[in-house]
Amino acid sequence: MERTPQTFEEAVSRLEEIVQLLESGELPLDETVRLYEEGQKLIAFCQQKLADAERRIKIVTLNNGGELQVREFEGDLP
Amino acid sequence: MERWTWDDFNEPTSDTDEVWQQFLERLRWEERQASEEFVFTVSQLNEYVRGLISDDPVLQGFWVRGEISRWQVYQSGHAYFTLKDEASQVTGVMWRERLAYLQEMPKVGDIVRVFGSLRVPKGSAQHPRGGEFQIEAERIVKEAQTGVWWQRFEELRQKLQAEGLFDEARKRPLPQFPRRIGIITSLDGAALRDMLRVAQQRHAGVEIVIFPSLVQGDEAPMALVAALQLANSETVRQRIGEIDVLIIGRGGGSMEDLWAFNEECVVRAVAASRIPIVSAVGHEVDFTLTDFAADVRASTPTAAAQMVVPDRQGWLARLEQLALRLNQAMRHRLRSATERWRRLAERRCFTDPTSLFADRRQLLDLLTLQLDKAFGRNLARWQECLNEWQRRLLAASPTAQLERWRERLGRYDDALRVAAQKALQRRQQTLQVFAAKLEALSPYAVLQRGYALVRDPATGRVVTRSAHLTKGQIAEVLMADGQLQVTVNEVVTKDGKDAANL
Numbered sequence: 001m002e003r004t005p006q007t008f009e010e011a012v013s014r015l016e017e018i019v020q021l022l023e024s025g026e027l028p029l030d031e032t033v034r035l036y037e038e039g040q041k042l043i044a045f046c047q048q049k050l051a052d053a054e055r056r057i058k059i060v061t062l063n064n065g066g067e068l069q070v071r072e073f074e075g076d077l078p
Numbered sequence: 001m002e003r004w005t006w007d008d009f010n011e012p013t014s015d016t017d018e019v020w021q022q023f024l025e026r027l028r029w030e031e032r033q034a035s036e037e038f039v040f041t042v043s044q045l046n047e048y049v050r051g052l053i054s055d056d057p058v059l060q061g062f063w064v065r066g067e068i069s070r071w072q073v074y075q076s077g078h079a080y081f082t083l084k085d086e087a088s089q090v091t092g093v094m095w096r097e098r099l100a101y102l103q104e105m106p107k108v109g110d111i112v113r114v115f116g117s118l119r120v121p122k123g124s125a126q127h128p129r130g131g132e133f134q135i136e137a138e139r140i141v142k143e144a145q146t147g148v149w150w151q152r153f154e155e156l157r158q159k160l161q162a163e164g165l166f167d168e169a170r171k172r173p174l175p176q177f178p179r180r181i182g183i184i185t186s187l188d189g190a191a192l193r194d195m196l197r198v199a200q201q202r203h204a205g206v207e208i209v210i211f212p213s214l215v216q217g218d219e220a221p222m223a224l225v226a227a228l229q230l231a232n233s234e235t236v237r238q239r240i241g242e243i244d245v246l247i248i249g250r251g252g253g254s255m256e257d258l259w260a261f262n263e264e265c266v267v268r269a270v271a272a273s274r275i276p277i278v279s280a281v282g283h284e285v286d287f288t289l290t291d292f293a294a295d296v297r298a299s300t301p302t303a304a305a306q307m308v309v310p311d312r313q314g315w316l317a318r319l320e321q322l323a324l325r326l327n328q329a330m331r332h333r334l335r336s337a338t339e340r341w342r343r344l345a346e347r348r349c350f351t352d353p354t355s356l357f358a359d360r361r362q363l364l365d366l367l368t369l370q371l372d373k374a375f376g377r378n379l380a381r382w383q384e385c386l387n388e389w390q391r392r393l394l395a396a397s398p399t400a401q402l403e404r405w406r407e408r409l410g411r412y413d414d415a416l417r418v419a420a421q422k423a424l425q426r427r428q429q430t431l432q433v434f435a436a437k438l439e440a441l442s443p444y445a446v447l448q449r450g451y452a453l454v455r456d457p458a459t460g461r462v463v464t465r466s467a468h469l470t471k472g473q474i475a476e477v478l479m480a481d482g483q484l485q486v487t488v489n490e491v492v493t494k495d496g497k498d499a500a501n502l
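Sequences listed follow chains A and B, in order. 38 is the number that my numbering gives to position 38 of the first sequence; each next residue is one higher, with no gaps. 378 is the number that my numbering gives to position 378 of the second sequence; each next residue is one higher, with no gaps.
Don't read these hints as lab results, they were simulated from the structure. Each residue gets a CB set at the ideal place from its N, CA and C atoms; glycine is no exception. Possibly wrong hints are sitting among the right ones.
Over 12 Å on every C-beta distance to chain A, these chain B residues come out as not near it, computed from the model [said to hold, decoys possible]:
#1 51
#2 55
#3 204
#4 316
#5 324
#6 336
#7 413
#8 418
#9 431
#10 451
Reference listing, derived: stretches of chain B covered by chain A, where coverage requires no fewer than 3 residues with Cβ under 8 Å from a Cβ of chain A [to be verified]:
#11 168-181
#12 208-218
So here's chain B without its partners, still in its complex pose (with noise of 0.2 Å):
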């Protein structure tokens, strides 16, 4: 054994308790080893292997097969006897209790069938016993006309398996879940009432059909296939619906009591059936053809039950484990993605965005300045054309000149005013000569000195020649301090035409 070093523990692992036992159990050994504080006596020890083997459930109470080697019945009325196959033997004890029960007392050669337990008898100080075992049998039967079953049986057996009937190839596996169930068997015995149990235990919402069959007897061979061919027929297949998985089976019996389960039609039968089939005939020592030919064997109807009904606690407690594996799978896939997005914001284009922009920005800085350059040469000659063309319109202005003339304008003006001004005071003395003249042109002026004037009353003309008056007319004379109404006496015209007289 290697030595153990405890680096070898250092990395947890799923192992690590087996791992841990495994060093324990290591050190207790080689403490033991070393102290020498316990020593079995020898009564001790085989005591110790009696206790393991009396407390063994399988060793108290079991099946076992074989040919009697050895059959003696001794003055007590015990009998000791030998079992043994082709390699191996076994001694063992059947009390004259139970001896008494025996129907025919077995003999050398006989293949037997043997229930009984295992014990390990105890010495005495007359008789020092031990470090053996043997069988206590409660029960001995003798396989029925052993010799010819087994004759037959064995030359079948060649036959099928010649023709490839029981290779392993041939075998399918059966359904984990099948829905429903067939079950070819007795409706009276046992086995029937057991896989029921069974059923019922482990799930009993799973679908069960059963195909009655003799199972024992003359007529069973053709019942029992007649059932295999029921149950696999287009007809069940319509109107109960696919059978997923079926179990043929019986009771426990002599060889003979099983022997239809060795009859070729009924191996065929089984060989051919579509559906998967578990084979569950007699007991766990009972081996028959049929259980050869199906896809798999079942120690008993019992066992078949329990291999093909599903646990419905079991599958119930494996989706746990799925729903488990799933949430945390889920669970640890969404913090590993919250991690990430968690490191994904720290990264610098989203704690600073402007970094990711840098280069870009660098580049589009680089061609501005290009295209400025680019631009800025043409530029400069259009505002050098700019500043001549302003310069020469600002020459053009009529801004100057508007001021030359506003300039010269004001001049005139003054000028204009004083000439006006003169020429208003020479008229106003022209116009006071004229006055004067024109005052001493007035008639009134001339009333004055002593003239008079006529005025016709009717129109209130001046009348200038007499002879616009006549004798009679009233005429008015107008004097300068007033006026006189006259009438006309005679006109006197000088000329003798107009001269008139007032």
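Okay, chain A solo, but in the shape it has when bound (with noise of 0.2 Å):
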């Protein structure tokens, strides 16, 4: 069954189970050429994930009161 995939993880473990599928070679053309295309669609649901570069680093802590306090972390990379 195709649906979105949630994480990358589960995205490239059926992007997998549906290149294997596909090399297997037993698989009627319909059903090829719809695996076909959810394949792609995971690619580049993988691609877009990685294409993400934004820096983002937090620094989590709890103050006095006990409450979450969040920060961007503002030191240089070395």
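The task is to assemble the complex, starting from two chains supplied on their own in separate frames and drawing on the hints.
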């Protein structure tokens, strides 16, 4: 069943499954085409995940009152 | 070794290259043995090994831990020592320049960490040496209060192991592609910088959440436990999001420095972590109980980051590979489908579609034949009936009678015409007779014979009786050659009644 992948790992493992299914070469043509299209979508999904290069580093602490404090990491990376 | 035959290389397999290389090596091996062309001197052999060792990056700069079993400082000021553990030993040297930096001279029985490189000593004519290697020590660090620490470490290790805290079955696999990575370490340490640098290199887009903690000193154990609990907390899950994997660690240091990671509360908190956890405490040689409790032990913080942060380039390459395979499989499938269609199209039923129906056609013919036969018998009977009726109908046809009638009529017609002519002729003759008679009877003819005719001019009627005229009346007397107008003088009627005189 085709469904929207939730995570990168899910997408990759489904993609691998699809590639193996297709490589077995025993599926009906319309099924093959459907899987191929799903595979293309998964690849696009994964590439999009990898394309995201925005730096996101947070520092999370508790203050004296026990409340969550979140601040951005300001330091320079070597 | 088995002898290779060429048959082994006929089938191209993925191992072909490897097998080929093995084959070549075997050939060279046998060739060298046979030729005896090249023979090492002993020095050359040792020199070769020396080269190997001095070229190896691992052996040039490493830490090794062991117990000092020999410590001897020579006249020259250099120290020669032997390091051992339960099953093995290695010799080493520390040159006097380095020796000067030692804070405390080691003694036999000390557990030490030695940093140095491996070398193969070069001999001379006076002192032939070789065939052995030794450590050239840069630093020798005595494990502080070794005995006490080791004892505590060992006791706690055995206790927690008995509880099953370190069981292999408890170890969870790390996520292949974590979206959010938690790091528990000191904000000031080199470890954090190392990890962030590696993360930046591998996949800058990965989200990193730092839970700062003390990593050294009396307050470090509680701080580490608090950070572990915070990272695993529901609050963080809701406010920050699910942390997919945690790294807990710090940079290298003495056993005392790293001790917080051996505290029972910390080890238990690590074991209890809901989030898969990687320990990265100190250097390669440093082992803490946290390492045993974690799902995975990394030798250094850098190694931990390499383990955890997905390698963007690697994943891209893998994706590319998968995309390639996907396309190839699809192309292959399409090709085979096309091929199949082509083969199908070449089959008889398509090239000669009628053949598909041949059998059915034959059946149809057979059925038609039977049907015809069945109908045929009836048909013949019907045809016979029909013929009979037709014959009778023809026989009863009025045409012939009509013809006869017409013939008879023809005959009557002639007779009639003849008869009519005769009758006509007779009538004409009769008419002539009558006409002659009529002529004779005409008053005009009578007038010729001297008779006259009296006519009343008022009425135009012939006066046949004398009484019809009166005295003095004007009358017309018609004669053969003309007429007279006369006045009646006297009327004399014969028998006294109606005689009139003109």
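Do the hints match the structure? See the list:
| no. | hint | in the structure |
| --- | --- | --- |
| 1 | 51 | 35 Å, holds |
| 2 | 55 | 29 Å, holds |
| 3 | 204 | 4 Å, violated |
| 4 | 316 | 6 Å, violated |
| 5 | 324 | 9 Å, violated |
| 6 | 336 | 7 Å, violated |
| 7 | 413 | 96 Å, holds |
| 8 | 418 | 106 Å, holds |
| 9 | 431 | 118 Å, holds |
| 10 | 451 | 139 Å, holds |
| 11 | 168-181 | holds (count 4) |
| 12 | 208-218 | holds (count 5) |
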